[in-house]
Amino acid sequence: MARLIGGLATSHIPAIGGAIAKGLQSDPYWKPFFDGFPPIHDWLARVKPDVLVVFYNDHGLNFFLDKMPTFAVGAAAEYANADEGWGIPTSPPVAGCPDLSWHIIRHLMAQEFDIVTCQEMLVDHACTLPLKLFWPNDAVAPVQIVPIDINTVQFPLPTAKRVYKLGKTVGAAIQSWRSEQRVAVLASGGLSHQLEGERAGFINKAFDQQFMESMVSNPEWATQFSDTELVDRAGTQGVELLMWLAMRAALTTAGAGVRKVHSHYHIPISNTATGVLALEVLA
Amino acid sequence: MARLIGGLATSHIPAIGGAIAKGLQSDPYWKPFFDGFPPIHDWLARVKPDVLVVFYNDHGLNFFLDKMPTFAVGAAAEYANADEGWGIPTSPPVAGCPDLSWHIIRHLMAQEFDIVTCQEMLVDHACTLPLKLFWPNDAVAPVQIVPIDINTVQFPLPTAKRVYKLGKTVGAAIQSWRSEQRVAVLASGGLSHQLEGERAGFINKAFDQQFMESMVSNPEWATQFSDTELVDRAGTQGVELLMWLAMRAALTTAGAGVRKVHSHYHIPISNTATGVLALEVLA
Amino acid sequence: MNAPNRSAIPGTALFDGEMARKGYALNKMCFSFNEAANRQAFLADPEAYMRKYRLTAQQAAAVRSRQVLALLEAGGNAYYLAKFAGIFGLNMQDIGAQQTGTTKEAFMARLQAANQQPDWPAASHSTPVSH
Amino acid sequence: MNAPNRSAIPGTALFDGEMARKGYALNKMCFSFNEAANRQAFLADPEAYMRKYRLTAQQAAAVRSRQVLALLEAGGNAYYLAKFAGIFGLNMQDIGAQQTGTTKEAFMARLQAANQQPDWPAASHSTPVSH
Ligand SMILES: [Fe+3]
Ligand SMILES: [Fe+3]
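So the protein sequences, as listed, match chains X, G, L and F.
Residues in the first sequence are numbered consecutively from 53, following the numbering used here.
Residues in the second sequence are numbered consecutively from 53, following the numbering used here.
Residues in the third sequence are numbered consecutively from 25, following the numbering used here.
Residues in the fourth sequence are numbered consecutively from 25, following the numbering used here.
Think of the hints as simulated: they come from the structure by calculation, not from any bench.
There may be inaccurate statements among the hints.
Said to hold, decoys possible - Here are the computed distance ranges between Cβ atoms for each label pair: (1) Leu76(G) x Glu281(X): 57 to 65 Å; (2) Glu281(X) x Asp118(L): 53 to 61 Å; (3) Gln163(G) x Trp273(X): 19 to 27 Å; (4) Asp94(X) x Asn139(F): 26 to 34 Å; (5) Gln82(L) x Gly309(G): 16 to 24 Å; (6) Asn189(X) x Thr126(F): 38 to 46 Å; (7) Gly75(G) x Arg90(F): 55 to 63 Å.
Said to hold, decoys possible - Derived DSS-like pairs: lysine-lysine, alpha-carbon spacing no greater than 30 Å straight-line: (8) Lys83(X) x Lys100(X); (9) Lys100(X) x Lys312(X); (10) Lys213(G) x Lys220(X); (11) Lys76(L) x Lys46(L); (12) Lys217(X) x Lys213(G); (13) Lys128(L) x Lys52(L); (14) Lys217(X) x Lys184(X); (15) Lys76(F) x Lys52(L); (16) Lys220(G) x Lys74(G); (17) Lys184(G) x Lys128(L); (18) Lys213(G) x Lys213(X); (19) Lys83(G) x Lys217(X); (20) Lys83(G) x Lys100(G); (21) Lys184(G) x Lys83(G); (22) Lys217(G) x Lys220(X); (23) Lys128(F) x Lys184(X); (24) Lys220(G) x Lys83(G); (25) Lys184(G) x Lys74(G); (26) Lys213(X) x Lys220(G); (27) Lys128(L) x Lys74(G); (28) Lys76(L) x Lys76(F).
Glycine is no exception: its CB is placed at the ideal position from the N, C-alpha and C atoms.
Can you make the complete structure from the sequences, with help from the hints?
Shown next as structure tokens:
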């Protein structure tokens with residue numbers, strides 16, 4: 053069976069792509085953010101995942117309100133990136149892993165998840181930036197991916213409880229995949245931020261810190277909150293922390309538990325409180 | 053609260069649209085099929101539903117494999133029909149009921165259904181033909197609709213158990229809708245038929261009869277079957293009977309039970325064993 | 025690779041993930057036939073149209089042959105293939121006859137003969153199903 | 025009509041079904057801006073482009089005003105509106121400042137000031153979160 057080796061999480065912000073393109077990693081504004089990654093680079097160089105299941109939220113590139121999924125699972129051999137409307141630099145296509153995609157799809161359907169399957173799927177910065185952040189020295193990250201989109205655009209969102217169950221079921225699917233591959237799960241999103249309304253610029257440091265701690269030792273903690281309660285505490289885009297919840301839930305049935313490899317929290321990048329985390333599954 | 057007054061079910065076949073357009077209802081080939089409807093017309097004239105929730109399966113008009121939903125709920129003010137590739141007659145647009153659509157969407161999301169919401173949606177013959185069959189004297193049926201698409205195109209299909217739960221939850225949503233409207237549920241699909249492969253032309257009369265009886269008195273009967281088992285018994289397109297299952301499940305929490313208004317079974321129209329059924333919710 | 029959701033039902037291949045992967049280009053082309061302009065473009069130059077949708081050699085050969093079993097084998101899905109068949113005015117009885125290696129008349133007679141199948145035992149006494 | 029999923033959070037309107045209905049045309053137009061050719065077409069003739077997408081009078085006025093709060097009020101969704109803002113080279117700090125009625129510098133200073141928020145009580149002793 054495949055081995056589920058650990059989990060990664062990071063905030064994503066379109067501006068990060070610009071900073072990378074311009075080589076601003078040591079710039080005073082950007083350094084405290086990029087400083088969160090080197091210990092995780094070392095860990096990844098050691099554990100070398102082959103396949104990444106990426107929980108991310110589409111930002112209006114691949115999905116529109118005419119067909120708005122709750123959960124969408126990529127099943128393509130390759131995922132193209134595209135201009136999202138801002139003239140930001142695009143990335144080369146990312147290799148998919150259709151075998152694992154369809155295995156996860158069958159598993160989720162059998163467990164009564166009503167997913168959308170996507171044999172063609174444009175992935176946005178939420179999916180591509182983490183690859184650049186975690187593998188900064190590779191033009192193309194040395195992994196295949198299975199992107200899983202979770203709706204954060206339209207309310208009601210899937211409940212935190214439902215997202216947790218999704219993650220847990222994806223974790224079980226990975227571990228029942230007949231393959232020698234080493235798989236990691238990745239969450240892209242959060243932490244607290246709000247782009248729109250008179251409350252724009254909202255950040256909640258204490259909530260973020262408690263949430264990040266829960267990711268290590270109390271993974272179900274955030275499932276107590278409704279979507280509205282998450283907006284209240286984390287902001288309208290801070291609900292992207294649902295991705296972290298799915299990633300963490302996927303690890304709950306693997307190995308003997310998890311150990312924190314590294315975490316880092318920094319305010320602000322653009323309008324966002326940023327967090328990064330790596331968890332290793334204990335054998 | 054809205055009143056859930058009953059359920060309707062009928063087979064759909066593109067050729068039926070052609071027969072209606074050409075006025076062939078009394079033609080020897082077509083008469084035994086159309087004869088199933090008049091007692092239901094009388095009933096509908098008496099009970100007069102205002103809104104119909106239509107469980108149907110898209111036949112490759114609105115959804116493709118790039119974004120293939122399991123369950124998709126229409127939330128449009130109007131649903132256009134379109135040429136499906138065969139030059140069949142198109143229908144005028146059907147009025148939607150966005151208030152009920154969004155009420156159902158909120159209810160389903162809260163109950164952990166991972167639906168796709170569709171604010172724009174082309175509906176095919178599976179959605180439009182039943183309106184012509186049940187309201188033959190109206191150019192446009194005097195109802196608003198909420199179409200709910202259930203995937204029958206790509207395996208794995210949602211399990212019969214899951215479809216039953218969907219229907220039951222939609223029924224509960226209808227009954228909690230703050231409205232004076234009278235609502236009926238409609239299923240479009242089945243019964244046994246298979247269009248493709250060396251087994252094309254497969255029909256299973258005894259299974260269809262038992263299934264139709266279960267719709268009256270033993271609604272959970274078909275939930276015992278996996279998608280493959282349904283194909284074995286009903287054919288590759290006979291799995292459309294999942295629509296009937298959702299319709300029937302929606303009635304299980306309404307009133308004191310159901311009474312059969314009328315049913316009719318006829319072999320064949322085109323390659324299909326056809327069934328029609330009306331159930332009234334007992335006050 | 026894990027065992028896909030294969031069917032042990034004779035004469036029946038389920039359109040599962042494996043077929044969905046295999047048939048993607050072919051089905052995408054067939055999906056485009058929802059629009060009349062695309063049907064005309066295909067008829068005007070089938071080879072160019074197939075190249076545009078990047079059909080595999082097997083798929084292109086199946087399209088040229090107009091043999092439904094070959095189209096299914098190439099990953100075609102019945103719902104999308106129906107639009108391809110429609111271009112040539114083939115109805116479901118034409119297609120049924122072609123796939124079962126018989127004439128349209130014989131295929132239609134076989135459908136009619138399904139009426140002679142035994143009734144479900146309870147159908148005649150419990151709640152009668154009219155037919 | 026039932027109570028939608030409204031927010032009691034100050035300065036925050038959730039993009040729920042009611043807003044999704046209200047804003048459909050506006051968001052559809054903004055979604056089209058994923059493609060550079062559409063952005064150019066909009067810039068070349070904004071009024072014609074808005075008519076093509078059947079924007080309501082309120083939506084068209086909000087687009088002309090380039091005021092984010094007005095665009096939100098007209099049913100705009102932050103994810104799609106971001107593409108509209110991008111056309112004019114506005115970044116998230118420009119937009120934040122505009123919506124909160126302050127200067128970009130003041131808005132950015134407020135973001136920085138979030139560092140002074142109290143730590144979560146356990147943050148300093150349990151599992152330390154580096155920052
Ligand atoms: Fe984001
Ligand atoms: Fe059908």
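Hints, one by one, checked against the model:
A hinted range of 57 to 65 Å for the beta carbons of Leu76(G) and Glu281(X) is consistent with their spacing of about 59 Å. Between Glu281(X) and Asp118(L) the beta carbon distance is about 59 Å. The supplied range of 53 to 61 Å therefore holds. Our hint of 19 to 27 Å for Gln163(G) and Trp273(X) holds, since their Cβ atoms are close to 23 Å apart. Taking 26 to 34 Å as the suggested C-beta distance range, the pair Asp94(X) and Asn139(F) conforms, at roughly 27 Å.
Distance hint check: the CB atoms of Gln82(L) and Gly309(G) are about 54 Å apart, inconsistent with the given range 16 to 24 Å. The supplied range of 38 to 46 Å is met by Asn189(X) and Thr126(F), whose beta-carbon atoms lie about 40 Å from each other. Hint check: Gly75(G) to Arg90(F), Cβ distance near 57 Å, so the stated range 55 to 63 Å holds. Proposed proximity of Lys83(X) and Lys100(X) is supported: the alpha carbons are some 25 Å apart, at most 30 Å.
For a cut-off of 30 Å, the pair hint linking Lys100(X) to Lys312(X) stands: about 17 Å separates their Cα positions. For the hint linking Lys213(G) to Lys220(X), the alpha-carbon distance of about 21 Å falls within 30 Å, and the restraint holds. The straight-line distance between the Cα atoms of Lys76(L) and Lys46(L) is roughly 17 Å, inside the 30 Å bound, and the hint therefore holds. Annotation: proposed proximity of Lys217(X) to Lys213(G) holds, straight-line Cα distance about 19 Å (limit 30 Å).
Distance check on the hinted pair: Lys128(L) and Lys52(L) sit about 29 Å apart at the alpha-carbon level, within 30 Å; holds. Restraint check for Lys217(X) and Lys184(X): the C-alpha separation of about 29 Å stays at or below 30 Å, so the hint holds. Taken as a hint, the Lys76(F) and Lys52(L) pair is honoured in the structure, with Cα atoms around 28 Å apart against an allowance of 30 Å. Using a Cα cut-off of 30 Å, the hinted pair Lys220(G) and Lys74(G) is violated, with the two alpha carbons roughly 38 Å apart.
Using a Cα cut-off of 30 Å, the hinted pair Lys184(G) and Lys128(L) holds, with the two alpha carbons roughly 29 Å apart. The hinted pair formed by Lys213(G) and Lys213(X) meets the criterion: a straight-line CA distance of about 21 Å does not exceed 30 Å. The hinted pair formed by Lys83(G) and Lys217(X) fails the criterion: a straight-line CA distance of about 51 Å is larger than 30 Å. At roughly 25 Å between alpha-carbon atoms, Lys83(G) and Lys100(G) fall within 30 Å of each other, so this suggested pair holds.
Restraint check: the Cα-Cα separation between Lys184(G) and Lys83(G) comes to about 16 Å, which is no more than 30 Å; the hinted pair holds. A distance of roughly 22 Å separates the Cα atoms of Lys217(G) and Lys220(X); the hinted pair therefore holds under the 30 Å criterion. The suggested pairing of Lys128(F) with Lys184(X) holds, with an alpha-carbon distance near 29 Å, which does not exceed 30 Å. Using a Cα cut-off of 30 Å, the hinted pair Lys220(G) and Lys83(G) is violated, with the two alpha carbons roughly 34 Å apart.
Only pairs whose Cα atoms come within 30 Å are accepted, and Lys184(G) paired with Lys74(G) is accepted, the gap being roughly 13 Å. Pair hint Lys213(X) plus Lys220(G) holds up; C-alpha atoms about 21 Å apart against a cutoff of 30 Å. Among the hinted pairs, Lys128(L) with Lys74(G) is consistent with the structure: their alpha-carbon atoms are about 22 Å apart, no more than 30 Å. Of the supplied pair hints, the one linking Lys76(L) and Lys76(F) holds, its CA atoms being roughly 29 Å apart against a limit of 30 Å.
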